[in-house]
Structures are given as structure tokens and as C-alpha cells.
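Protein chains: 2
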Amino acid sequence: MLSKLKDLLIGPALPTQSLGHKQLNKIRALAAFSPDALASIAYANQEIYLGLVVAGSLGLSYAWPIGLGITSLLVIVALSYFQTIHGYPSGGGSYIVARTNLGTLPGLLAAALNAAVSLTAGVAALASAFPDLWPHRVAIALVLLLVITLVNLRGLQEAGTFMAVPVYIFLGTYFSMLVYGLIRLAIEGPTPLAVVAPPAIQPLTLFLILHTFSTGSTALTGVEAISNGVPAFQPPQAKNAGRTLMVMAVLMGLLFAGSIGLTQFLGVVAGPQETILSALARRLFDNGALYYVIQFATLGILTVAANTSFAGFPRLAAILARDGFLPRQFSSLGDRLAFTNGILLLGFFTAVLIVLFGGDTHALIPLFAIGAFLAFTLSQAGMVVHWWKERGQHWGLKSSINGIGALATLTTLVVVIISKFMEGAWVTILLIPLIVLGFRRIFAHYIRVREELSLKGLPPSLKPVETTRVVIPISGIHRGMVGAVNFARSISENVTAVFVELEPGEGEKARVEWEAWWPDVPMVVVPSPYRSLVGPLLQFLDETDAQHNDGQLAAVVLPEFIPGKWWQTLLHNQTAWLIKAALLYRRRKPGRERVVIDVPFHLRL
Amino acid sequence: MLSKLKDLLIGPALPTQSLGHKQLNKIRALAAFSPDALASIAYANQEIYLGLVVAGSLGLSYAWPIGLGITSLLVIVALSYFQTIHGYPSGGGSYIVARTNLGTLPGLLAAALNAAVSLTAGVAALASAFPDLWPHRVAIALVLLLVITLVNLRGLQEAGTFMAVPVYIFLGTYFSMLVYGLIRLAIEGPTPLAVVAPPAIQPLTLFLILHTFSTGSTALTGVEAISNGVPAFQPPQAKNAGRTLMVMAVLMGLLFAGSIGLTQFLGVVAGPQETILSALARRLFDNGALYYVIQFATLGILTVAANTSFAGFPRLAAILARDGFLPRQFSSLGDRLAFTNGILLLGFFTAVLIVLFGGDTHALIPLFAIGAFLAFTLSQAGMVVHWWKERGQHWGLKSSINGIGALATLTTLVVVIISKFMEGAWVTILLIPLIVLGFRRIFAHYIRVREELSLKGLPPSLKPVETTRVVIPISGIHRGMVGAVNFARSISENVTAVFVELEPGEGEKARVEWEAWWPDVPMVVVPSPYRSLVGPLLQFLDETDAQHNDGQLAAVVLPEFIPGKWWQTLLHNQTAWLIKAALLYRRRKPGRERVVIDVPFHLRL
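Chains R and Z are the protein sequences, given in the same order.
Residue numbering for the first sequence follows our numbering, starting at 1 and increasing by one per position.
Residue numbering for the second sequence follows our numbering, starting at 1 and increasing by one per position.
No wet-lab data here; the hints were simulated from the structure.
Being a predicted model, the structure only gives us computed values, none of them experimental.
Treat the hints loosely; a few may be bogus.
For identical chains, the list gives no copy identity; a pair is met inside one copy or between any two copies.
[Stated by the list, open to error] In the DSS-like style, the derived pairs of lysine-lysine whose C-alpha atoms are separated by at most 30 Å in a straight line are: (1) K420 / K239; (2) K580 / K420; (3) K239 / K389; (4) K26 / K509; (5) K565 / K580; (6) K26 / K580; (7) K565 / K6; (8) K389 / K420.
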């Protein structure tokens, strides 16, 4: 039944050989990898507005210059990733470039945070249009998250198809709005901000402008997604990916600069429970049908933006897992040829973030910005080193582009850390070394396992076969014992039964019955004054090994009694489980492990 | 560390032979088994007051007659249980008498509910004195519950010692209060109710009086505890238990009739967030220190009243478990010679009730009353049958006492069911058949297990030993395989290794390595196009069994790889677990179970 539900939600298993078919053409790839980048204009606009509005109309007049500055930064970063794609066509952008786990970890963190930021921003767009939904933002975000997780578990190609529609609706409606806005602006002329802006409550300082610039730079997030996902493109992969990146960057720049400019020159100001993009649309369309279309388009792009993370995070995690920095399970393809474990982990982590931060985008931004800018900085710095080492054609120009990019994103990073330290940035600062430590321990573990599992140094002809001593712990004389005793006698001449006596006198009764059925198998009664089963049994095993003194450990044959229905297991003492756990998992010296032979007995009903 | 914490909270394990020392003298037994009975005057008083106050002063004037009626009922019920103790000195009162699971189930339910009712009533007494605590009643009740559970897990004798103090404080203070109240009444003369009572909001009907009588009869609950706990008394058990019961019944009767009478004739009326006993004490002591002493004494007796359940419930559950109506685990003595599982179950169930009913005693009473009166009725009806069958000395008188008792408690039961059906009685009505059904299924399961485990019909000389075929699933060629292959070769001539190939080409690589190390053990590669491990392995096993066609099943040797620290298990695919679960627990025909041989390999770090 569970497996039918799984088939319904996620689809039947796909064979490995159909893997080649799951690659994306450019139109689908743009839909799968760009929504984060495109949609980031929503929360970036919001951050710029919230950052400047405290300084009144004077503050808001800096929106357009800041927007242009961020757009320039975008050009640099996009060029850098374009170079990365061609430099490292196998994918894994920032990771491959930085070549340390430090380089990819911020990317992982940013991907995880991107899902939460995009979903909450999308829900904020919806709640701007329908204020009744404002108190239910957390619940709505969680439902959307569930849908995205399921879609991704079905596999990437379906995700691409599903996501393409909202992406192109968003592009169509937003560009129409921008063009219409420009026409209105040309006819009506600009509205002076001084008329509409609320009074300043803080002075306009350089720090305030820098800080706004840095949080507004979250508009750049998502640019790296394509460089991490090159293997998902149809061949020629690098060329297709590079072109898609350039198209995406141009679209992002136009949307971002256009919307910021319109907001400023039309003198748009937002209410307390409304986003600034919602206020812009309302200013242009006056609560008409077109306003709602814009809000749903925003919700749509932000919902699928979270999908960028679901395309990127599991891929990064798989690369890390293959290199031994994350548990192996993240590198294995699930039934639907998607990285199931990475998708599930991301879904869980995003849900926790949404609940923890009460569904508030603005509260999540500091954590998010640090992850994103750290990844940018390390990746671009890595590229500078790369060009310098290679010293190919135009290496000076290329490394200058990356160098300027690295410096710019580093500045942004430092400003965010300083200005937002108390508001949550410390969480990221604390998390990063902890996670790095975790990566290192995992890596060390896998290395050590490989060493311990190595057959090097073992004599080429392995030691000859010896006969085995066998011990059977018995709880009583019943049919469940028959298979166990038979099996024990089939593998060894030396079989002993052990009865742990919980109540005085039981042992002798059991011995009489035992000897009637198996007179040739000796039975030992071990008293247990504290009514514990496992302790006396382990002691007996150690003692009998010591007595035999043949260097061998007795194997234990466990008769296990398995009822027909799950609830019936509650009706039996799970002694077989307890004994197995003690025998298999308690620390022992290597080479002194005890073999446990499970002989199940299935009840008919 | 966990085991140290357990030692600190509960104490070290006790050997079985010290069991005899854990029996109680009469003083301790009265403290251990009477608090429920004594303390029930608190909520019974409250129920009578709440039942009558809606009919104004006319209603309240019926309190004293109803109290006397309930006291008469108490005399009958106490006599009945006195006879039960001497008729069945082995304990398990109502259960042994009714001799069906119907008879003891209501007792179990009532015991569980008693803990919740007593705790919430105790907290109400506290909150009457300190109104600030009123909103925190649930939390306070849960803390008290935790303390009682721990005390009981330490073992019965400690519990008796711990509980004796509040019981005797309660008796001392309450009797002093009653005597002082009688003196005041004699000097001041009665206060007419008409002066103080709130106006009637309902007419005084016969139904209202009957209903008040029936919920007020919860004063009788707890009388049966001693008859269930006879084995805990020092010998001569029946005689000691009988005397303790009679002392207890006299104390109960005096306290109950006395407090009801004083309340009525002193014209005491309670405020909205106060119990009627608190109002009585306040009337007599005017918020002085003595008032607070009375409230703490009430809290104390009610807290330890919950302990009656912790003495009774696990004992009843153990009797039922021994007879096969509950899981066996309830009949086994824990480290401290207490019925640990029963205590833990009761603690959990009580916590759920407290939270579910928001810590309100009045809301819990209907559920409680039904369980209690059903137990009384069935037990007394059973005694009638018993005397009639025996027809010994005075059998006519004895069965009349029990008959009148049964009729009276049956009437009470019917009235509660009718008047409180919508207010929660339906829950009990629904639960009882469901639990009975559960008992029957458990009983049927154990009977069937006994049949299936019987050795009857097996040939006396068991079939001769056959040699075994062995299959080893391998994940790669490493040191973890060495022990498994050696063990397999030590028990069988016929060993096959199986490699499930998740990625095409892996199999051939593995074969080359394998043949270098174990050229004499054949290796088979099984392709897995859907990347599943378990499915292809099971299929291979079935196929190889069919090919050999010797009536035998191949045993499976599983090399299991066990890391040194728990978190490291997350770093490895738990394939050994999955394979074991599939091999051991999937339904198979009896006699066709497959043996699983676990060869652990412990990593050093």
C-alpha cells in the first residue's frame, strides 16, 4: 500500500539506462535553473526599499543609483561564471573552482536558504494581494514546499516541464508592466519622492547606503546555478550552458534596474503589510485584474525559484558525497534517477527554516546573503588563481574581471556581516566552521574505513577452514527450537544449549524436557538472580570460550520467533533483538567478533 | 551514563530473592492502599455541591441526606469487599470474582482515571488557596505525576514509607477540623442556606437528586484497592487486609458524612475558582495558617491517592498478563521488583488524560464514575453467584448484602450513563468494548502461539542432519569479507558469492578481484537495472534454490560492517539491515524460513 502511494506521488522506478534521456534543452534548462536568479529581484527590491525608507525621501532617492550599481556587479559576476562554465565544463562550478570544502559549503548553505527565502517572499506577494492570508503565511509556504519536493522527487525532466510555464508567464507580464510603466512615466513625468515618502527616522549615512547595497545584492543570487548544473544540459554542454547564462543575466539586469527605476521615479511607497513590487503594480494597475495577474506571476516565479535549490543542492551534495565529505547515500540516484536523499534533506531543512523564522523573508536575508556572497567570493578568487596558473590568451583581462568581482562581493560580504551580525548573521558565521568540521570528520572516517578494509598485508592464501563451536540460547522447549537445533547440528559437532534461569527451579524443568527431545545436545542452566537475560548469557559465552581456549569464539544460533502481524510483536518479549544487539553491536576487538546465526520461525497467523 | 541516571532516579537492581521482604505491615498498607478511598471525599463533596447548587438553597438542603445515603452504600460495599478478601485471599479482588475480562477491565480503567482525577483535584485544592496558580494547573499536575511515577518505579516499600506521612497528616488535620466545626456549630447554631445560597437556575427534580447521588458516589472509589492488593500484606494476609479495610471504611464514612453535614449546616457556599472543601475550611479558619494547612493536607492526600492507582493498576495488569489477556511484559518484575511496564503505561495514560481534559476534575468524573461503578457492580454480582454456589454458613445474609450492593451500584451506574452521556460518558461506553476486543485478540494470539509451538505430533527422533548450501552477498572485495568467507567455508562445502551490480561494468571488475583472493569460491553477478539491491538478491536466492531442487534453502552469510561510533552508521548504506529485514521478516511458509548468518566486522575507530 505504501509502495502504491509512492508510485502515485512520485512515479514508478526508472531503469538506469534511461539516464541519458533526462537532460534538458535550453528552453527547459532556462526554466529549471533561472527562476532563482530572476525571482531574486523580488526580495532584493524589498531589501533596498526597507533599507532606504528609514531615511525618508532622501534615502529613497538612492534606490536607482544602488540598483544600477548592483546591475554592474551582476555583469561582472555573470561574466565570471561564463568563464567558469567554459573552464570547467564538467559542472560543480564554485566547488570545482575552489577545490576545498570551504568553497562549496557556502553554496550548499545558500541553496538551502534560497528555498526558504524564495518561498516566503512568494507567499508575501500573495498576502500583499489578499491581506486575509497574512497570518497564514507559514502554512501556505509549507504546502508549496511539499508540492515542490514531490515534483522534484519525480525527476528533473518533469520538474523542467512543470516549471517552464510560470517562468515564461513571469517574464511576459513583468516586461509588459515595465514597458507600460515607462510609457506612463514618459506621459505623466516623475513623481517627486518628497511628496509621498514617510518622514525620515534615521539619518542617511554612508553605512546605511553600503548596507542597503549589500543586502540588495541578493539580487545576484542564483547566477551560479547554471554553472553547477552544466551536466544537465544537452551536448554541447558548455556552449549551451554559457548561452543560457548570458540570456538569463540580460533578463535579470533589465528586470532589476527597470523595476527599481520605475519605483523611484513614479514615487511608489509600500504600506506595512505589502511588498514594494506589489505597491508598484498597484500604482500602475489600481487593484484591477492586471494587478492580481502580476502578484500571481510573482508568487509563481518565487515558488519555482525554490526549485533552483532543488536542482542545485542535491547535485552539490552528490559531488561532495562522491568525494567523501558527505554521507555516501547522497551520491546515489533514487528510483526516479533523482538524488532522492538530497531532495528530502533540503525539503526538511527548508521547512525548519520557514517555521523557525515565522515565514519572514526579511529575517532570513542576513543568513542567506552571507552564504551567497561567501560562495561568490571564493569562486571568483579561485578563478583568478586559475587564470594566473594557466596564463592563456587574455589571461590578464580574464583575471581582472574575476578579481574585481571577488573584491566587490567580498566588500558586500563584510558589510553584511558587520551590519547584520546581531540580526542573525552570527548563526551563519557559527554554522560554517561547525559544518566544515563535520565534513572533515566524515572525510577522515571514510579514509580510515578504506585503510581498515584494505586487504593489503593479508597473506595471499587465507587461513584454512576450522570447525565451529555453537551455542543456542533457549527460552523453552517448543517447535520454534527445532529449526535452530537442526541447523546448529548441520554445521557443527559441538553444540551446547543455554537456558538463562530467571525464576529458580525453571531450569531443571526445562532440562528434563530438553533431554527428552535432544538427548545428544548438552544443556547448561545459567542462573540470573537479577532477572536479566543478556548479561548472564554474555558472561557464559566468554567463559566457555576461555575454557575451550582454542582461540575460537563460539557462534550463537538464535531461534527467532516471528509473529504474523506487526502488532503481535508487542505481545512478545523482544529477547532475540536484545541478544542480537548485544552480540553484534557492543564494541569488540577486531578479529574477535562473534558470529550470530538467526534461525527464524514464522507463525502461520 | 543513561544507566547511572537510572540508578540515581530509581535505584540499583534488586535480586529476585529479596522479593519476600517487600511486603507491607498494616500501618504502611493503610498508607499505600487507602489514600484514594480517603481522598475521594474531596471530589465527591465537590460533585454533590456542583450538582445541587444549580437548584439554589432548596437543592443544597439535600446535601446531608444524599451524603448519608452514600455513607450507607459505603457500608454495603465495604462489607462486600471484606467478604471478597476472605473468600479469595490470593488477591485480584474484582477480577478473580468476575472471572471474565469484563470484570477486571472497568477496574483497570477506573484505576487509570483515578490517578488523573486525584491529581487534578489535588491541584484544584492548591489553586483554591493560591488563585495565581489556577492557569497552571495542567503543568503542576504533570510535575506531581512525574514524582509519583518515579517513586513507584523505586519499588512498593519505599512508596509505602513515602506516602504514610501525608495520609496521617490528612487524617489528623481533617478530624481536628471536623471536631472544631462541630463545636462551632453547637455554639453558633446552624446558618440557614436561604441566606447565603445563590438563586436557583434549575428546578429541583428527582433526576437532579439521583444524578447528584450517583456522581457523589465516587466517594466510594478506592474501597476495592485493598482487595486487589492482598498479596502485598504481611501474613496472615487475608486477616490483616480485612482489618485494614474495615478501619479504612470507618474513617471514610466519618470524614465524608462529617464534612457534608458541616458544609450544609454552617451554610458554606463556594466561589467560582474554589472547591467546596476549601470554602468550608475558609469559613472555619478565616484564611489563617490553619486554612493553608488544610489545603496542603488535601493536596497531599490527593497526590498520594494517585499512588493507589500505581499500586493497583500494575498488579491488575500483571494478573491479566499472566492469564494471557495483556502482553506478557506486564507480568515481569523490573529491576526494583516492581511491575515497571504497568507503572510506565499508567504514567503515560494519566498524563494524556490530564492534558486532554485541561486538568479539570469535574470533566473527568463521568468517565471515572462509569469505570468505578461497573467494576463494583460486576464484582458484587459475582459474589452473589459465589455465595449461592457455595451455600455455606449465613449464605442468605451474605448474598443479600452483595445483592443490595450490586443493585445500588448498578442504579448509580445507569443514572451516570444517562445523565452524563453527552458530557463524556460515551467515551467510556465506546472504549470498553474496544478494549475487550483487544483482550480477546491478545488471548487468541497466545493460544494460537502455544498451539503452533507445540512439539506434539513431531516424530520423536528428529530428522538427521543435512549439509547446508551457503550464499554470501558481497558489496566489494575488502577485509570485512574475510571473516564471512572463512565462516561460510567452515560450515559448508558449497559456498557461492553474489554481487548485485548497480552500475553496469562493476560486476566484472569485482570478479577479477574476487578470483585473485578466493579462486575456489564461485562468484555470480546479478544485474540490477533499477538500482535496487534487495529485489535481485531475493530473486537469485529463490532461483538457486529451485535449481538445486534438494528441498533445502541456502543459508545467507551477511558480512556486516559496524563502525565504532553511532553517528558513523549514518555514513554507510544500511544494506545489511535491509537484507536482514527482507530475509527474516517477509512472510514465508512455515518450514521455509531462511537462515541468516551475521558475521560482524568491527572497525577499530
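Going down the list of hints, with the structure as the test:
no. : hint        : result
1   : K420 / K239 : neither (39 Å within a copy, 78 Å between copies)
2   : K580 / K420 : neither (53 Å within a copy, 52 Å between copies)
3   : K239 / K389 : within (23 Å within a copy, 99 Å between copies)
4   : K26 / K509  : neither (79 Å within a copy, 37 Å between copies)
5   : K565 / K580 : both (21 Å within a copy, 18 Å between copies)
6   : K26 / K580  : neither (55 Å within a copy, 46 Å between copies)
7   : K565 / K6   : within (22 Å within a copy, 33 Å between copies)
8   : K389 / K420 : neither (36 Å within a copy, 86 Å between copies)
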